[in-house]
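Trainee: Sequence order for the protein chains is A and B.
Count the first sequence with this note's numbering and you get residues 1 to 364, in order.
Count the second sequence with this note's numbering and you get residues 1001 to 1364, in order.
Quick caveat, the hints were computed from the structure, so don't treat them as lab data.
Bear in mind the structure is a predicted one, so any value in this text is a computation, not a measurement.
Treat each hint with caution, since some may be false.
To be verified - Pair by pair, the computed Cβ-Cβ distance ranges are:
1. E1088/B / W285/A: 23 to 33 Å
2. P1098/B / Y359/A: 41 to 51 Å
3. N345/A / K1145/B: 50 to 60 Å
4. K1282/B / D286/A: 46 to 56 Å
5. N1298/B / E88/A: 45 to 55 Å
6. Q267/A / I1242/B: 42 to 52 Å
7. E1332/B / E88/A: 48 to 58 Å
To be verified - Computed list of lysine-lysine pairs in BS3-like fashion (alpha-carbon distance at most 30 Å, straight line):
8. K1354/B / K341/A
9. K341/A / K1310/B
10. K1341/B / K341/A
11. K1322/B / K1282/B
12. K1304/B / K51/A
Unchecked claim - Looking from chain A toward chain B, a few residues come up when the C-beta cut is under 8 Å (computed):
13. N67
14. L68
15. E70
16. L74
17. E80
18. L83
19. R168
20. I174
21. Q249
22. N254
23. A255
24. F325
25. D358
The beta carbon of each residue, even a glycine, is placed where N, CA and C say it ideally should be.
Number of protein chains: 2
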Amino acid sequence: MEHIENDDNYAGLSVNKGISQPPTVNPYLQKMRKARRRLYTAGEYVEGILKGDMSILSQAVTLVESNLYEHQVLAQEVIEKCLPYTCESVRIGITGVPGAGKSTSIDVFGLHVLKKGGKLAVLAIDPSSERSKGSILGDKTRMEKLSVHPGAFIRPSPSAGSLGGVARKTRETIVLCEAAGFDNIFVETVGVGQSETAVHSMVDFFLLIQLAGTGDELQGIKRGIMEMADGIVINKADGNNIEKARLAQAQFRNALHLFPPTPSGWQPQVLTYSGYYEIGIKEVWDMIDEYILFVKKNGYFDHKRQEQSKYWMFESINEQLKDHFYRNPQIEIMLREKERKVLSNEQSSFMAAKDVLDYYFNIK
Amino acid sequence: MEHIENDDNYAGLSVNKGISQPPTVNPYLQKMRKARRRLYTAGEYVEGILKGDMSILSQAVTLVESNLYEHQVLAQEVIEKCLPYTCESVRIGITGVPGAGKSTSIDVFGLHVLKKGGKLAVLAIDPSSERSKGSILGDKTRMEKLSVHPGAFIRPSPSAGSLGGVARKTRETIVLCEAAGFDNIFVETVGVGQSETAVHSMVDFFLLIQLAGTGDELQGIKRGIMEMADGIVINKADGNNIEKARLAQAQFRNALHLFPPTPSGWQPQVLTYSGYYEIGIKEVWDMIDEYILFVKKNGYFDHKRQEQSKYWMFESINEQLKDHFYRNPQIEIMLREKERKVLSNEQSSFMAAKDVLDYYFNIK
């Protein structure tokens, strides 16, 4: 009977049940808990997931996140069996500058969504997360109300060797959550590397949380993110900050008008709100509802999801094609030498590439 | 004695000499011209290029652009021999919406640059160009004054099977031009596919030509281009249009402030000018001079060129890795079936990718 590892490490909270429990040092209780966490069969996982059993869902997600080969094989079986059962869901990506109040906002947005009925899974993509430290995203201690809500399922970011690995595991976790009836999915990310692009490629609506700056300079968000956003929401529009927030809103609206039309045909909106004081929350979600209606009506919703499915297949292929090449030890050595030659104008970039590729295709 | 093909097709103008000649239908003259165009040895091309012989430079560029295997082998030899001789140059990418007045602007910008001394090569990247039709870019009939200036060398876009091919040939043409003493290089592109990204990756300064719109909506430029620009210049700031141009200038300046700092540390500027009436030309070039001074001083100039050289090596590798995979007939068949399965939720994107890759890596 195998034990699933990594279950009690996350800040002393059991991640199995999806709700936080006070840390315990009772060894007998721990031993009992470990004994319960055996591996089920794929069918048992699927059955539990389809019933909406949060504990089994949680263990299945842990399986997906595991880097052990046996776990991965079993996880793929579970995923494949869950694929046909996906529910009608809405997936929302949420990003924002550090300090923008993402966790507080997700807490209050999440509760608002749950009030309307349904269930909510909050996932995260943070390529820099390490199991021992825990990610700053998906931190239940910061989503106080959500973390004790029976309809909410919160997971920190998986850790993996690469963004591609993290993105894949999150994408697969979404499959399990939707099969378990979670019709609302949040995927949170912070601005690390290409993580926003990854999140944008697995959600229906991409929400950018911004802050009003000091003066008229609003920076911190990476180039390209603003153009990805379906909605920009400016937080901390309360008290003395209201004027600045409205100014920022006007500036972002002007900026958005300089961009060409979006593929969806939707004109991205800019709203202000206050996560902490819970002002303007309904308006933010009305905007998202309006968007979903709009893109379902014009067919873009389904079209985008199909494009995303294909994207992940080709993205996966392209990443592994490159991995296979660049991880070859001989290739690594050749490339270092070629880089030197190219930088010192001894060889053109293209001939250097050709030489290495000739070698690669001939050693197969 | 081989004839170099494709030399008289371009709108009846001889591309060999770099200056436009009236179209001729004198068959004897054509025959003589063909007889002169034999292939030199690599050493002869290089010698001619280093002397600044425009005719030999032109023939060498035609060699680079040729898709014939023997020409390519010879071209690579010439390029490699030219690599160490690159002069101190400035490479400027120029893009803009159709109708923005690019050709007129390049004509007047080019003359301004030449007035200060030195030589100017005007190249183009247009992946949609076909030899028989000729590209709309690099059209000498539109660059009237420049095309008769002895210090100017103008080429239309090469044609190739892909953007990657066109970009490569242009990049290699730059090498030859610089070896021939062309210290100013313009690379023009129109907004097709990823051609701006390709141009941005081979120039020092990226100039975006915009127009003032009707009202406050200035569209037409693809997402991501504005963020690539080191300078945005708004054309047709003359007569009744001056007010609109200044309004557009203000809007773009506001928008640029919303973006995070550029890697170079340079704050992109927005200027207005009139290509047709030759107003504000000096200011545009003062901006570019200021930029070059700035990035040479902080080391970014050299750093960027090195990164670009490496970029083209890895880009070339990645493109050919994909080509080798996706052009395999069995893979093509498998992928069509896998796409179907993924879209109908029968298989996850990632498992579909894995199946195809297992097959690919095992048939080598």
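Trainee: Please check whether N1298/B and E88/A have a Cβ separation lying inside 45 to 55 Å.
Mentor: Hint holds: Cβ distance 54 Å, inside 45 to 55 Å.
Trainee: Holds or violated: L74/A as interface residue toward chain B, Cβ cutoff 8 Å?
Mentor: violated (13 Å)
Trainee: Is the gap between the beta carbons of E1332/B and E88/A within 48 to 58 Å?
Mentor: Since E1332/B and E88/A have Cβ atoms about 34 Å apart, the given range 48 to 58 Å is violated.
Trainee: Is K1304/B close enough to K51/A, meaning Cα to Cα at most 30 Å?
Mentor: violated (56 Å)
Trainee: 41 to 51 Å was suggested as the range; check whether the CB atoms of P1098/B and Y359/A agree with it.
Mentor: With a Cβ separation near 44 Å, P1098/B and Y359/A satisfy 41 to 51 Å, so the hint holds.
Trainee: Check whether the Cα positions of K1354/B and K341/A lie no farther apart than 30 Å.
Mentor: Violated: K1354/B and K341/A sit about 35 Å apart, past 30 Å.
Trainee: In this structure, is the beta-carbon distance linking E1088/B and W285/A contained in 23 to 33 Å?
Mentor: Between E1088/B and W285/A, where Cβ atoms are some 58 Å apart, the hint is violated.
Trainee: Can we keep the E70/A interface hint, with Cβ of chain B closer than 8 Å?
Mentor: violated (16 Å)
Trainee: Quickly compare the C-alpha distance for K1322/B and K1282/B to 30 Å and report which way the hint goes.
Mentor: Distance ~45 Å between K1322/B and K1282/B Cα, so the pair is violated.
Trainee: Determine whether the Cβ-Cβ distance between Q267/A and I1242/B falls within the hinted range of 42 to 52 Å.
Mentor: violated (30 Å)
Trainee: Would you mind confirming whether the straight-line C-alpha gap from K1341/B to K341/A stays at or under 30 Å?
Mentor: violated (45 Å)
Trainee: Checking hints one by one. Is F325/A an interface residue toward chain B, by the C-beta closer than 8 Å rule?
Mentor: holds (6 Å)
Hint check: violations occur at hints 1, 3, 6, 7, 8, 10, 11, 12, 13, 14, 15, 16, 20, 21, 25; the rest are consistent with the structure.
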